Structure formats: C-alpha cells, structure tokens
Amino acid sequence: MSDTQTFLDTLKARSPHYQAEPTWIAARRQAGAARFEALGFPTRRDEEWKYTDVRSIAQGNFALADNAEFSQASAAALTLPIDAYRLTFVDGVFSSALSDVDSLPSSVQVLPLSKALAENHEAVGGPLGRLTGVGFSPFAALNTAFMEEGAVVRIAPGTVVEKPILLQFLSRAGQPVMCHPRVLVEAGSRSEATLIEHYTGESEATNFTNVVGELMLDRGAILAHYKLQEAPLGDMHVASIHVEQGRDTRYTSYNLSLGGALVRNDLISDLNGQGAETNFLGLFFGQGRQHVDNHTKVNHNAPLTFSNENYKGILDDRAHGVFNGKVYVKRDSQKIEGFQSNQNLLLSDRAHIDAKPELEIYADDVKCSHGTTTGQLDEEAVYALRTRGIDEATARGLLTLAFAGEVLDKVSLDAIAERVELAVAGKLPERFNLAGLVEAAAALND
Amino acid sequence: MLQVNDLHVSVEGNEILKGLTLTINAGEVHAIMGPNGAGKSTLSAVIAGKDGYEVTQGTITFEGKDVLEMEIEERAQAGLLLGFQYPVEIPGVKNIYLLKSALNAQRVARGEGEMPAPEFMKLVKEKLGYMKMDASFLQRAVNEGFSGGEKKRNEILQMLVLQPKLAMLDEIDSGLDIDAMKVVADGVNSLRAEDRAILLVTHYQRLLDYIVPDQVHVLVDGRIVKTGDAELAKQLEANGYEGIEESVA
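Same order as they appear, the protein sequences are chains A and D. The first sequence stops at residue 446 when you use UniProt numbering, and every number in between is there. The second sequence stops at residue 249 when you use UniProt numbering, and every number in between is there.
Just to be clear, a hint being listed does not mean it is correct.
[Stated by the list, open to error] Cross-link-like lysine to aspartate or glutamate pairs, in silico, EDC-like; alpha carbons within 16 Å at most:
(1) D/165 <-> D/28
(2) D/151 <-> D/195
(3) D/18 <-> D/221
(4) D/50 <-> A/358
(5) D/165 <-> D/194
(6) A/326 <-> A/358
(7) A/330 <-> A/378
(8) D/50 <-> A/364
(9) D/50 <-> A/380
(10) D/50 <-> A/277
(11) D/151 <-> D/177
(12) A/115 <-> A/100
(13) A/367 <-> A/277
(14) D/50 <-> D/69
(15) D/50 <-> A/378
[As the list claims (entries may be wrong)] Chain A is faced by these chain D residues, among others (derived, beta-carbon under 8 Å):
(16) 88
(17) 90
(18) 106
(19) 110
It is worth saying that the hints were derived from the structure and are not from the lab. None of the values given here were measured: they were computed from a predicted structure. We put the beta carbon where it would ideally sit given N, CA and C, even for glycine.
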C-alpha cells in the first residue's frame, strides 16, 4: 500500500463526519483529496523539497483525535504567560475549557473554524482557500482534504486590538495523531493587531501538525504575527502561511522555530498594493537530529513595495537546517526595495545547513540585496569572556544569544523572547533584568 | 602571591619561555620589559590560561594553588585578571552585562551572594567616572566599534569593577596618546593596594613614568636576564635592550 493510500483510507474512514457539511466544503475536500492523490508526498527530486525528506510523515500512520482532553494544570505549564485572547486546540480539536475570548470587543471576532462555519459558512467560503489553494503543495491539498478545525480572526476596519490574539496548539503524547488546522485572518483596513501562533505539547508526543494559514491585510492594516514553534521533539510540523497585503499595509512575521523532529515552514507574502511593507524575521534552532526547513517568498507585485528579511539559524549536534528565501519582483514593479539576509551559526562539526537565497527581478529601478553566511562561535570571544570569570557554558550561551540578538531584540513580547533565550542559550543570569539596571544607571546620572 | 618557577613554554613546538622564574608579592607592582619576541605576552597568556601554549616544565602557583590545573574562569574567579593588548570585540554582548555577570560569577565562586543591583550600579558609575567614560558605554556591545584608546580604558574599567588580586596588563599602553595614557595610568594606580599586585608587560619605558614599578624585570629570549628597580627602566630607555643583552652575554 502506498504512503498516500494510508492517508486516503483514513480520510475515507472519517467521511461519516462530513456528511452534513455544505456542498462547497465537500467539493473542496474532494478537490484536496484528488490533488493529494495525484501529487503524492513530495520527494527530494522535487526542487522545493530537495533538502527535506518527508518519509517520516509519509510512512507514519496517524489517527485523528476525537477529543480535546488536557488537564488544566498541564496546559497552564505550557501556555505563554501573556494576557491574550486565547483559543486552544488539542491535537487539532478545539477546547473551549482552555480558551478565553469573552472580553473581545465587538469589532473583533476570534472563533474556532467549526463555530464560524456553523454561524455563517458562506462568510468563510470566500476567503478560505483563496490564497493557499490545493495546488500549492501536497500538504496544502492534504490540509484541505482533512479540514475540520482551525481559527477565524476578523478585525473590523479601524480597530486596534489591544491584547494579542493567541492561538495555542497543544500536542499530546500517546498514539500518533495528525491535525490539519486552517487559520484565516481578515484584518480590516487601518486595523492593528498582534497574532501569536504557539505550538507546544507534551514532550513524549509524536504527532503530525499540518497547518495552513491565510492572512489578508486590507488597506493600511498592520499585523504582527508571531509563530512560536516549540513542538515536542518527536513531532512533525508543516506550516504553509500565505499573506496578502493591500496598499500601505505592514506585516511583520516573527518565525521562531525551536521544536519538532521535522519542520517545514513556507511563508509567502504577496505585496499587491503600493506602500505595502513586509518584514520576515526568523530564528531557527536545531539540536539532536532535528531537521528545520524554512522556505520564504516575497512577491513584489506592485511598485513602491518594501521587504526586509532576516533569518538566523543556530544548529547544534547533527541538526540539519534549510533556508530558501526568494524575492520576486514582478515585471515593471519599480521603486521597490527588497533586502534579505540569512546568517547561520553551527555549534557542532556535524550540524549542517543548506542555504539558498534567490532574487528574481523583472524591473530595472529596484534596490535589492541578499546574502548568506555560515560560521561558528568566535573562540577568541569565548576565551575573553572566560578570562573575566564567566564559565564556558555561559560564555557560549551568551555569544549564541548575541548571534540571535538582531532578530530576538525585535521581539517585543518578553514572554516569547525568554522562551527563545532559554532554548538557544540555556539559563543565563538576569538578561531580562538589564532594563531595570539601565534605568537605575540613568537615575544615578540625575 | 604569584610564583613562577623555571617555566618552559612552547608554542607549536617552538620554545618561547626557557626557564622563567618570578615571584610577585602582595602590594607590589612589577614590570616586565623586553624586546619584541622575548616572550612577554606569552607569560601573561599562560598565566591566564590561553589555549595553544604548552607548558613543558616548571610551575605557576597563585596563593599556593597550582594555576596550571585551574580552568580559565577559575583563575579569574580566584583573582587573576588579564588586561589584553588587543581586546576582542564581542558584538551583541553589552558592557553592562559583561561587568555584572563577571562580578557576580566571582562573588558566587567566593561564596558571596550576587551584588544587589543598586549597589552594583553605584560601583560601576563611580568607576566609569574614574576612567572618564560616559554611561552610554554600558549599553554598547563590548569593544564593538571602540577606538584603540576606548578599548584600553574598557579593560581598566573591568579591572576596577572586578578588583582582582593580581592584575596583569599586557601592553596596556600600546596605541594610546598621552592623554589616554594618563587616564589609563590613573586607573591602574588606583588599583594599587596592600593586598593587591600588578604585573605590567610593556615594551616602552614611557608607561613607567606614570605607573612607577617596585621591580623591573628584563626578559630576553625567554628568560629574565636582569631585575632592578624603576631606575633600570630608565637605563633601558637610554641604552636600549642591546646593552643588556651584551652585558648578559
């Protein structure tokens, strides 16, 4: 039996669940299944998957979870200590017990997909699948075939959402399961919001998450989008995020990838209106035998659009990283600026990175640059710190963190920055108390 | 305090130090002078614990402990501190962080608690003033984009905050104009104390006009060939190292 067939059989067994659904969803589901069947799982012969072997997903046998049971105490230990509007999904199943969106203003909707469909499925049908169609990849097709749950975020024009919107995805230990969440965000014109996707779970989990995100920013909207991926080290994680930006919009992605055995992120921004700006900040950390693949693409489809990308990779042990970043400038999209940088730090001789920056430009009046570097820790600096009494592990941690600094310093949510620091650099003394020190110093100047 | 006995050190198979013996007591300031290539910097690097130096013979003890058995950071925690000739730039690590974590590492190793933040800032502020450094230095990454003079002042600032028992200063005067040298020398002189020793490694006598040593050692070809008081440095200035080498030969 082929790998593809295992998944199709699971889908068939699930079909009684889908009998009452609207015809448009059934049609999409069938299209997704057909596309997935035709494409099969990608292999390393596919250019887009040249460095990433997905057999550990393809050969898996993943069930579908049928409940969202998770103890409050365990969830509390995993959750980000942030005051946020919160939706929680356990192995893809919505948990109302672990969610809290009660205090949302009426101008903002944060709903589980199932509820959004039940309330008004036609309002979902327009945006759903518009950016990430079944043809995007076998995983997008698979997501569409299995689509059941996810999050719908709608922000009315002019609304400034004061608290972050947190979508929390918990992965449980036990029999391997898969989930295919769909995240839809419609940010109205001149709205402002912070969205956090947080993937975490029980350390023994061995599940497969295959998320598709479609984010639409209407004229002048500003969206900060954190994706903190701290999945258990046995989890597989595939994410396809597609952003559509209208005129004068600003989107900033903080793609922080720490967990997972096999991770693949696709992040795409379409800059469709003049004045649109996109910022891709990425930090990926791999250890053990983790495989972390980041594919990004910025499409400058309109003149006077701006992109800025900075991805940092830190790889230890036998971890394997991939960075493939593409900046595309459509014909005659003049006066655009596109900058891309990728720097990688290898902490061990057996860690490995495949880095491929690409520019594809069909306009002549543009400012674009790209560059990638790979290096190791500066041993002279390690020595210098040790001669000041700082132990070697702390010295290496500090320098690793310093490497990540350009990206991490832009993370304005401390709770997230602290998680990342702990993961990449170990426990360092009081870095987050420095701000207080500096204030104390300023007071002394007076 | 520090005893170096018959020290032989090789770098990549070449013997650099060839039987160096030196005793430094608390309260003393020693200067080691010598021509380029004599092994001056090798001595301080070996005491600090830098990789790539093979001790083939001899001992180094500090307050009775075998220095060669100690990790680099343990030496610093015990109070042995090296000021670099070429301080390394450490992008992304702020000066304030370095000072705080270094001081606390030392205090924790000694069984003292970490210094409370207000007390720490008061200390740093006072020392900054001494080195005529602006508080904005604290927010800058260690030595990144610093001028030569700023780097040297930053080394002394670390000494003033960390208060070592033995401060070793490797060519701390190189690359300094006269004003900067005075500031650096004032900083070093403020470290002089009954319970502390200072080891200056220098090529030129000029520094010793500002920091007057108790003993001057002349290092030639891996050995101390002559020891005297501050007057010896003045003779060297007048006659050069060749005179010494000849008198030894």
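*Out of the numbered hints, which ones does the structure contradict?*
Hints 2, 4, 7, 8, 10, 19 contradicted; others consistent.
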